[in-house]
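Just so you know, the protein sequences line up as chains Y and X, in that order. Using the numbering used here, the first residue of the first sequence is number 1, and each one after it goes up by one. Using the numbering used here, the first residue of the second sequence is number 1001, and each one after it goes up by one.
Hints were generated in silico from the structure; no laboratory data involved. Keep in mind that the hints are not guaranteed to be accurate.
With beta-carbon atoms standing in for the labels, derived distance ranges [said to hold, decoys possible]: (1) Tyr-162/Y / Ala-1088/X: 46 to 56 Å; (2) Val-3/Y / Arg-1067/X: 43 to 53 Å; (3) Leu-185/Y / Asn-1006/X: 39 to 49 Å; (4) Thr-1032/X / Cys-68/Y: 27 to 37 Å; (5) Phe-141/Y / Arg-1067/X: 53 to 63 Å; (6) Glu-1053/X / Val-129/Y: 41 to 51 Å; (7) Arg-1067/X / Leu-103/Y: 48 to 58 Å.
Under 7 Å between C-beta atoms, here's a sample of chain X residues computed to sit facing chain Y [to be verified]: (8) Thr-1002; (9) Ile-1007; (10) Val-1012; (11) Leu-1014; (12) Lys-1015; (13) Ser-1018; (14) Leu-1037; (15) Thr-1071; (16) Leu-1090; (17) Ile-1093.
Heads up, incomplete: computed chain X residues facing chain Y, CB under 7 Å, no partners named [what the hints assert, rightly or not]: (18) Leu-1004; (19) Ser-1022; (20) Ile-1094; (21) His-1095.
Think of the CB as a built atom: it goes at the ideal place given N, C-alpha and C, for glycine as much as any other residue.
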Amino acid sequence: MNVSHENAQESLSTIQDVTVRTHRAIASAYASDLLILWGALWTIEFTTAHFYPAYAFHIFMVMSIVGCIGTAVIYWVFYSKALIREAGSQSAIWRIALFWILLYAYAALWHFLLAPFNGLQGNAFISTVAMFAFVVIGLWFGCRFMIILGLAVTIAVLIGFYLLTAYYCLWMALMGGGAILGTGLYTRLRWR
Amino acid sequence: MTQLDNIIHQPVRLKIMSSLVSLDQNEQVNFTYLRKLLKLTDGNLGAHLIKLEEAGYIKSKKTFIARKPRTFIRATGKGRDAFEGHVAALKEIIHSEK
């Protein structure tokens, strides 16, 4: 079989291109809908909390419940579509769910042990815990954009906490919720 | 010197194998997902999958999920080895002509 230098180069480029597209499509299939959901919830939650600070905790609780229900629905739809299947993928989903539950249980414990927090501290704490989870999941699955997103939003939390205290919630609606939502939309539209 | 693989070298089959090999060994993909990803028609993808399956490079499995039939495809160990060999041969061609 005779293959020219150009043809060989072209074949290797095709392999590289398909490999990248496959990895991106998988990452998008797993993560984009969840990022869109949680990004939208963060944006609504922080914007509402800015204008109605007295109800901030109630808004946080309602949005968290909506988010958990939405996450379960998305996973159910994802499983029924079954784009990619892995031996033991069901156990992987349960392990991720358990990881989030345990992380938030520990976060609640630390919150209790380290209290009293004011509202701003409490919010920065829980937001950075969520971003820590993004980074861990990114490392776990070799998903670079999750690591970058987690670190970027963590930096946004710190900037808002130290430099923009009066506008913290609006800042987080834009740079936290907006960044998560934007990443979700980008990966869904461009990578799937 | 490693040999080019005639079956894999065909452009559509090269794409199919690139996608399957880039997954973990225990991962398998849905036929529909692969068709969309590679922008192929049902018939075209099906025909090339048969060729690859006859060579023992892939394995397909039919199953039901939520009462709907699904076909899952994965690269076999033999397919992964053949693909690796093919890639090595392509690299040799490029390096030998530099």
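Next on the checklist: Are any of the numbered hints broken by this structure? If so, which, sorted upward?
Outcome noted: Per hint list: 5, 7, 8, 9, 10, 15, 21 violated.
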